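Asker: Residue numbers (my numbering), protein chains in the order written: chain A, 7 to 271; chain B, 7 to 271; chain C, 7 to 271; chain D, 7 to 271.
Everything labelled a hint here was simulated from the structure, so no lab data went into it. None of these values were measured; they are calculated from a predicted model. Ideal placement from N, C-alpha and C gives every residue a C-beta, glycine not left out. Do not take every clue at face value.
Away from chain D, derived, C-beta distances all over 10 Å, residues of chain A [stated by the list, open to error]:
1) K43
2) E44
3) M51
4) Q64
5) R109
6) K158
7) Q167
8) K185
9) L196
10) G223
11) K251
Under 8 Å between C-beta atoms, here's a sample of chain A residues computed to sit facing chain D [what the hints assert, rightly or not]:
12) N10
13) G214
14) I217
Protein chains: 4
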Amino acid sequence: MSFNTFGKFFRFTTWGESHGPAIGCVVDGCPPNIPLKEAEIQIEMNKRKPGQSKFTSQRKEDDKINILSGVFEGKTTGTPISMIIYNKDMRSRDYETIKNKFRPGHADYTYFNKYGIRDYRGGGRQSARETAARVAAGAIAKKVLETKIGKKYKTIGAVTQLGILGCDRNKWNDKLISKNPFFCPDKSVLKLWEKYLLSIRKAGSSCGAIIEIRARGVPIGLGSPIYSKLDMDLAAAMMSINAVKGVNIGSGMNSSIRNNYFICC
Amino acid sequence: MSFNTFGKFFRFTTWGESHGPAIGCVVDGCPPNIPLKEAEIQIEMNKRKPGQSKFTSQRKEDDKINILSGVFEGKTTGTPISMIIYNKDMRSRDYETIKNKFRPGHADYTYFNKYGIRDYRGGGRQSARETAARVAAGAIAKKVLETKIGKKYKTIGAVTQLGILGCDRNKWNDKLISKNPFFCPDKSVLKLWEKYLLSIRKAGSSCGAIIEIRARGVPIGLGSPIYSKLDMDLAAAMMSINAVKGVNIGSGMNSSIRNNYFICC
Amino acid sequence: MSFNTFGKFFRFTTWGESHGPAIGCVVDGCPPNIPLKEAEIQIEMNKRKPGQSKFTSQRKEDDKINILSGVFEGKTTGTPISMIIYNKDMRSRDYETIKNKFRPGHADYTYFNKYGIRDYRGGGRQSARETAARVAAGAIAKKVLETKIGKKYKTIGAVTQLGILGCDRNKWNDKLISKNPFFCPDKSVLKLWEKYLLSIRKAGSSCGAIIEIRARGVPIGLGSPIYSKLDMDLAAAMMSINAVKGVNIGSGMNSSIRNNYFICC
Amino acid sequence: MSFNTFGKFFRFTTWGESHGPAIGCVVDGCPPNIPLKEAEIQIEMNKRKPGQSKFTSQRKEDDKINILSGVFEGKTTGTPISMIIYNKDMRSRDYETIKNKFRPGHADYTYFNKYGIRDYRGGGRQSARETAARVAAGAIAKKVLETKIGKKYKTIGAVTQLGILGCDRNKWNDKLISKNPFFCPDKSVLKLWEKYLLSIRKAGSSCGAIIEIRARGVPIGLGSPIYSKLDMDLAAAMMSINAVKGVNIGSGMNSSIRNNYFICC
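In isolation and in its complexed conformation, chain A is listed as follows (with noise of 0.2 Å):
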C-alpha cells in the first residue's frame, strides 16, 4: 500500500524518484484568489535546493518549479495546482555500482523486502529529494497564510544543533539565518560549526543536527481537538521525512526535568 498525501483540507499529493525525468507535487484544497506566481515558489525552491555549499549534496539541480494547472491570470482557482520539477542531475551511471548494495539508512532494504523490487538510483522514492516537492507546497501555503491571516503570523526555521555542538538560542537572530551554509541563527558558534564540519567532511563522515521551527504571531485554535490537533499534525509532517528521528513540541522530551519546579530529597 501506498500514501503519498498529506493533510486534510489543504492537501498536497508527492510523486516521483530521485533519479527519473521529474519529481512533483498537487495540492488539492487551496483556497481560491490566492495570488500565486512561479517566482514566489522559486524563492523558497532556492532556499533549499542542493550545491549551494561545499557542506551540502553537491548534486547540481536548479529546481524550477512550473505551476500545470491550478493558477489563471496570477491567482488561484480552487482546482488542484499541479507542480512539476524536472530532474537534470541525473546521473544514473553514478548508481551502476551501488546496484547490488544497500545503503544505509536509506530504507532500501525494508522497500526491497516489502515491495520485491527497488529502484536502486539514488534512493529512489526514498530519497531526501521528495522533500523538494513538499518545499513547493509549502510555499502555497504560506502564501495563503498570508492572504488569510497576514504578515504577522510568521515561521522561521534554523540548525540549532550540528552534530555534537550546540548553539546559545538566547542569541539567536533572524537574519543571520540564511546567511551561512548551516542555517544557524548563532553568530558566536559560526567559525567553531565551520572548523567541524570540514573536519567531518575530511574524514569521510557525516553528522546529524537539530532544527528549531519558531512561529510567531500564530493565531489561537488551529488544528482540531485530539486527532488532529496542532501537535499531531506537526509531529507527522515532521517525522515522514525520512532523516527525522525525534520531535518536541516546546520543551518536549525536556518537559519531565524542564517543568518541574519542584526538587525533593
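Following the hints, put chains B, C and D in place on chain A, whose structure we already have.
Answerer: Just chains B, C and D, lined up with the frame of chain A:
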C-alpha cells in the same frame, strides 16, 4: 474545498484545466511488480481521444501519455505513478467570445458563484477533458486486474441508447463496438443512428446517450459492505463525470417493474 | 476491509447488527453551538421505525435514540456525537431456521464468501436496520442546515412508484405524504395502491418502489467539483442503501429522451 | 472541524466526554475471524484504569468494557466493533468550582476560543479519559497481531524517567513493570522514585515522565513509505495524547550526538 482524488487502496488524483498547458493524474496505491508500458495506456487513451469522427468533439489532441514516476525497468514499484498529457489544441483565442458568458450545463455559473473566480477557457476544470486523466488511471487499474485476477475478468462498454433511439441489447456484439463511431453494440441500428445524429448536427444541436457496461468473470466479494459496496463506488465514479445524470445497477430504476413476477388486479 | 463512515466534513460512522444488543452511529464534524435535543432526532426515527402499518416490516421496535456524547446543556460542542439505539425485538430464535440458508438479495452469500464468517441473524450488518443509524445522523444534519441556512432550505421525499403502479407527480402534495402508509404524494392513487399491495402480501410476495426526493431553497454551490460534486455524493449515499439499485438526478436516465427538443427523421 | 478517527486499514473512532454518561470507540477494518472476548480487552483496560494506587488519578472507575457489535459467537466478523464504557464516577458537582476557570494544560482555553462553547466538566473531551477508548482499540489490534503474526511480535512499555529521576535502562526487567505502581523497569530506583513522588504529592504538585516502548520480533516492512511510514504513524499516535510533547524513534533527538563516532578538534 476541493476533492480531486478517487478510490481507497488504488487511488488517483486528477488535475488540469481544459486549456492549461497539460492535464494529468497521480495514481497512488498501485501494487508493485505490475508490468506497465506507456504504449498499453496509450491504447486506452486512443479510444477516448477527441476528433476521431465527425460525431464527437472536433478538438485535435493526440493525447500522448507520459509516465513520470512509479515505473522502473518496465514494472511498477509501488510508488506513486505520475502521468502527464500535454494539451496541444489549446485555442485560447476561441474562448474570448464566451469570456463573459456562462455555458449551460458546464457548471460555469455554479463554479463562479462558489469560488468567485473562473477559468472560462473551455470549461476549465469542468471540461469533460478531465476524464482523459481517468482513462489513464483506468488503464493501469486494468493492468493490475489482468495481472492479479487474469484475463477472464473483463469489462466492456457500449452506447445502447442515442437520444431517442435505442438498440437491441440481445444483439450485443463485443467486436462491433470499437468498429463504429457510435460505440454501438447492435449492427441493425447503425444506419438509423447515423442518419439521426447527422440531422441533429445539421440542426446545430446534440443529444444525450445511455452507456451500458458489462463485467464478466467478476470475483465474488469485490467492494466492502455498506459505505464502500461495489454498487456505491461504481455509482459515485460514474456520477462524478460531468455529463452523467443517472446510474443503474442491473435493472436499476426499472427493478420496481421488471422484477415483479406478480401482477395483481 | 471495511468502511463504515460516510461524509467529508460532517461524517458519520454507523455500527451494529440487526440482532445484536444495539445499533448506533458516531457523528464527527458537527459544528458547535447547534441546539440539539433527543426529541428532535426521535421525530425522524419515528418516521422510519418498523411495524407502523401492515405494509412494512412487522418487527416491533420503539427505536428510542440516546445521545451519549457531543451535546452539553442542549447544544453541540463540536466533539463527536455518539448515539445508540437498543434493539428490543431481537428474536434470535426466529433465525435458527435460516442459519444454514442464504437469503436472496441480502448479501449473505457474498459476505460469507468474502469474510468466511457471517452473522446469520436477520442479515446481520446487511440488514436494512443499518439505515436507522443514518436517520439519526441525518436528523442532526437537518438541524445543522436549519440553524446555518434557515428553514427555507427544505427536503421532502415520497414514494412515487409502487411496483408497477406510478402516481401523478403533478398532483404532489407535501402534506399527504406522512398521512398514508405508502408515503405517497398523490391522493388519487391511494386506493389502488392499497388494493395492489394487499394482493401482493396475500400472495406472500413483495414489490420494489421508486422514491423521489425534492429539495427546495438549495444554496448555489453545494458540493465540490468533480470527485465530491453534489450529484456524486447523493448517488453514493443512496447506492449504499442495500435495496437501492438506481439513482437519477433530475431527468436522470431519461435525459437522453426527455431533454431532446429535436426529433429527426 | 473535528477528526476523531485514527488509522488507515484498521481505524478507530473515539467519542465521549470525561463526565458524560459514557465513552467509547468504534473499530472499523478489523479483519474477520479473529477470536475476541470482552475479558481479553478488559485485561488491558485494567492496566490503565485510574485509582489503582495513590500515585495516579483518584477517580474511581471499573472501566468495564462492553462489545456492542462486530463480534459473533466469539469471533470478529469484519463489521465495525462498537465498544462502550459507562462512566461511574462522574461527580459533576465537583466541577462547579472550575466552571468559570480554565485549567492550565488542558486545552480548555483554546477549545473555548475555537468553538465558543465548552464542556467544563473535567476537561470534557480534552480529558485524558479519552485514552481509555484507545486502550480498547489497542487491545483488539493486539489480538489481530497475535493471530496474524504470532506471539513473537511483542511490545512492552515502561516509565524510564520520572520527573528529574531516570533509571538504568540496562537493568530493564519486563516482569517488574506491572508489579510496581510506577511501571518502572529497573528495581534499583523504585525506592527513590517512591520517596520523590511522595514528596511531590505532599507539596501539592505533580511531575512529567518519559515512557519507553520496546517492540520485539517486528516484521520487516510495516508501514508505507513517506506519508504513512511507521515512524510517522507512531509519532502521530503518540502526539495525539494530550500530555505528550515529544517523540523519539531510536536515538531520536540524541541522534545528532549519539550516532557520531567521529569527534573533531
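Asker: Now, for every hint given, state plainly whether the structure supports it.
Answerer: Hints, one by one, checked against the model:
1. K43: holds, 27 Å
2. E44: holds, 25 Å
3. M51: At roughly 19 Å from the nearest Cβ of chain D, A/M51 sits farther out than 10 Å, so the non-interface label holds.
4. Q64: holds, 20 Å
5. R109: Non-interface label stands for A/R109: nearest chain D Cβ at 15 Å, farther than 10 Å.
6. K158: Holds: least Cβ distance 17 Å, greater than 10 Å.
7. Q167: About 5 Å separates A/Q167 from the closest Cβ of chain D, which leaves it inside 10 Å; violated.
8. K185: Since the minimum Cβ distance to chain D is about 23 Å, A/K185 lies beyond 10 Å and the statement holds.
9. L196: Fine: 15 Å to the nearest Cβ keeps A/L196 off the interface.
10. G223: Answer for A/G223: holds, closest chain D Cβ roughly 15 Å.
11. K251: About 5 Å separates A/K251 from the closest Cβ of chain D, which leaves it inside 10 Å; violated.
12. N10: holds, 6 Å
13. G214: holds, 4 Å
14. I217: violated, 10 Å
Violation of the numbered hints given earlier is confined to hints 7, 11 and 14; the remaining hints are satisfied by the structure.
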